[in-house]
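What follows is the residue order along each chain.
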Amino acid sequence: MTAAVHPLLKAKRRKSALRTLAFLSPWIIGFSVFFVYPLVSTVYFSFMKYNGINAPTWVGGKNWSYVFTDYPFFWPALRNTLWLVVVMVTLRVLFGLGIGLLITKIKTGAGFFRTAFYLPYLAPPVAATMAFVFLLNPGTGPVNHLLGDVGLPTPGWFTDPHWSKPALTMLAVWGIGDLMVIFMAALLDVPKEQYEAAELDGAGPWHRFRFVTLPNISPIVMFAVVTGVIQTMQYYTQPLVAGKVASGVIGNSGQQVEPGYPDKSTLTLPQLVYERGFQRFDYGSACVIALVLFVLSMAFTALLLRRNGFLSAED
Amino acid sequence: MTQATLSPGTATTGAKGHGGPDVRARRTARRKQTLHWIAVHALGIAAAAFFVLPFVFVLLTAVMSDNQALTRDLWPHHWQWSNFRTVWDTPGFLTWWRNTLVYAVAGTVLTVVSSLPVAYALAKFRFRGRNLVMVLVISTMMLPPQVVIIPMYLFWTKQMGMDGSLWPLIIPLAFGDAFTIFLLRQFLLTIPKEYTEAAKVDGCGELRTLLTVIVPMIKPALAAVALFQFFYCWNDYFGPQIYASSNPGAWTLSYGLESFKGAHHTNWNLTMAATVLVMAPVIVVFFFAQKAFIEGVTLTGVKG
Chain A
1 MTAAVHPLLK AKRRKSALRT LAFLSPWIIG FSVFFVYPLV STVYFSFMKY
51 NGINAPTWVG GKNWSYVFTD YPFFWPALRN TLWLVVVMVT LRVLFGLGIG
101 LLITKIKTGA GFFRTAFYLP YLAPPVAATM AFVFLLNPGT GPVNHLLGDV
151 GLPTPGWFTD PHWSKPALTM LAVWGIGDLM VIFMAALLDV PKEQYEAAEL
201 DGAGPWHRFR FVTLPNISPI VMFAVVTGVI QTMQYYTQPL VAGKVASGVI
251 GNSGQQVEPG YPDKSTLTLP QLVYERGFQR FDYGSACVIA LVLFVLSMAF
301 TALLLRRNGF LSAED
Chain B
1001 MTQATLSPGT ATTGAKGHGG PDVRARRTAR RKQTLHWIAV HALGIAAAAF
1051 FVLPFVFVLL TAVMSDNQAL TRDLWPHHWQ WSNFRTVWDT PGFLTWWRNT
1101 LVYAVAGTVL TVVSSLPVAY ALAKFRFRGR NLVMVLVIST MMLPPQVVII
1151 PMYLFWTKQM GMDGSLWPLI IPLAFGDAFT IFLLRQFLLT IPKEYTEAAK
1201 VDGCGELRTL LTVIVPMIKP ALAAVALFQF FYCWNDYFGP QIYASSNPGA
1251 WTLSYGLESF KGAHHTNWNL TMAATVLVMA PVIVVFFFAQ KAFIEGVTLT
1301 GVKG
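Going line by line, the protein sequences match chains A and B. Here the first sequence stands for residues 1 to 315, numbered as in this note's numbering. Here the second sequence stands for residues 1001 to 1304, numbered as in this note's numbering.
It is worth saying that the hints were derived from the structure and are not from the lab. Remember, predicted model here, so these are calculated numbers, not experimental data. The C-beta atom is built at its ideal place from N, Cα and C for all residues, glycine as well. Accuracy of the hints is not assured; some may be wrong.
[To be verified] Going by beta-carbon spacing under 8 Å, a handful of chain B positions derived as facing chain A:
hint, residue
1, Thr-1095
2, Ser-1114
3, Val-1147
4, Leu-1154
5, Ile-1181
6, Glu-1206
7, Ile-1242
8, Thr-1271
9, Met-1279
So that you can see chain A by itself, here it is in the shape it has in the complex (with noise of 0.2 Å):
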């Protein structure tokens, strides 16, 4: 068949080959620069003692066994993220939802509403980390003063280990903005038609919302839930900073911090990469927790990358 082919016709099948090529190149570096060659790196790595100075040297799976079995940090930042992905995602889900539902039905001063509920999402994480960590302080925060004025239990928040996941998940759901977004765009191309033929059913607001609303805007709940769990599996600004700044000892000039304050509380698996490679100099043990982030991360892109249509390309 190839051999058929019209001299001209190959010519213009290399040119077009060639401008795909020259189209795609700066992503073809990035990606071999910055992601094939260090993810291939972090794998000998991972099998490696080195700590920067000395060349490395060969230990076999002792990074791995020392990660899974030794390493005090490694299950309980897994543990947080467990209960992060629970209730931070449900939470947050679920009021942007609520909240897109309730920006489609307001009629006065619809633009103010969306930028008050819009404009956390953009607050500069650690600037919003401290703001929140002022608002909760146990002694002389706002919030609790508050609560103690109307007589309910004042929590010690970022400092109570019980408490520390439940104030980073108020951040959290404070910065909603973004699903908030997604949602009202979903919920505003549900088509009127329906809400019309189920309100002439005799259907109240429930079972509007269950049988109409719901099964139109699920692919996006699926994307919002899809997403959460993976950002949830990388947070890392907000926990290390709440954790820093509770704790009263700021570590940006080499003063050594306990991870996780309070009691480990706060830890998630990326400030473990950052402890073991930046703190410890194990860049070994590092890049065992790189990778289980990376096969973590990559197990909900496929699943995210299934269940959407991301690739439907025009033809």
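Using the hints provided, position chain B relative to the given structure of chain A.
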């Protein structure tokens, strides 16, 4: 589509009174609508309080005196605006500000310029392996920077000697960013083929088509991805923590803010003033580009 027109049943059950059954039904419908309006807006105000009050508390604390910031009074006794001046004059603050701006502006320009042709090829060219490239783009988009940080750190510091600078964060952005590519491609898919084909008939090459026909059409999408990247760089904490921490002259606002808290650990008023100064630019940018931004967020989720 009011309740009255849809439910004639309730209208006929109304007893003979003033104005007849039809008017009465309309009145109940209107009352129901008013109640609905009140309920929705009351909920809206409660939710708005939850979202806005943290900002208010932060702002009020930022203008309190040192002593008052530790008391239970929420309203400033006298408004100490000089706190912002104090923060601004802190050694280093201006440098962090400048570094953050350089990182965000350079990063944004490089990202958009390098990602656009890739997104265009993925949306408009037909070639073998296109779906594979798309899968790889989405996969890298979903990965945290920590996955490859050890080799990358060793590469930039040991091989390139760039420890203590932001260049290891800026340079890779000249080679496309997965999220930007993905978003631009989603947007380019919505542009009918006829536009690019008409340009081709007129003898335009692909690059000229992209620059003269497509770019003017996708300005909102370009604005959205530029904003996303700008905010990503502005907010980035992990990157500067890894590459810039050894050199305070290269710190960014997000990274420096934390050390600011360390130096002023009982002065919540100054810390909150610094927090306000870090949040402010993002919020100002948002107010100017709200529409493009929200369209962009929508785009991340609609294609399902």
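Hint check results:
1. Annotation: B:Thr-1095 was flagged as interfacial toward chain A, and the flag is violated, the nearest CB pair being 15 Å apart, outside 8 Å.
2. With a least beta-carbon distance of about 4 Å to chain A, the hint placing B:Ser-1114 at the interface is held under the 8 Å criterion.
3. With its C-beta approaching chain A no nearer than about 5 Å, B:Val-1147 sits inside the 8 Å limit, and its interface hint holds.
4. With a cut of 8 Å, the hint placing B:Leu-1154 at the interface with chain A holds, because the nearest CB-to-CB distance is about 7 Å.
5. Residue-level restraint check for B:Ile-1181 holds (minimum Cβ-Cβ distance to chain A is 7 Å; threshold 8 Å).
6. The beta carbon of B:Glu-1206 comes within 6 Å of a beta carbon in chain A, closer than 8 Å, and the hint placing it at the interface holds.
7. Because the smallest distance between the Cβ of B:Ile-1242 and any Cβ of chain A comes to about 7 Å, under 8 Å, the interface hint for this residue holds.
8. Checking B:Thr-1271 against chain A: minimum C-beta separation of about 6 Å stays under 8 Å; hint holds.
9. Annotation: interface hint on B:Met-1279 holds; nearest CB of chain A at approximately 5 Å, less than 8 Å.
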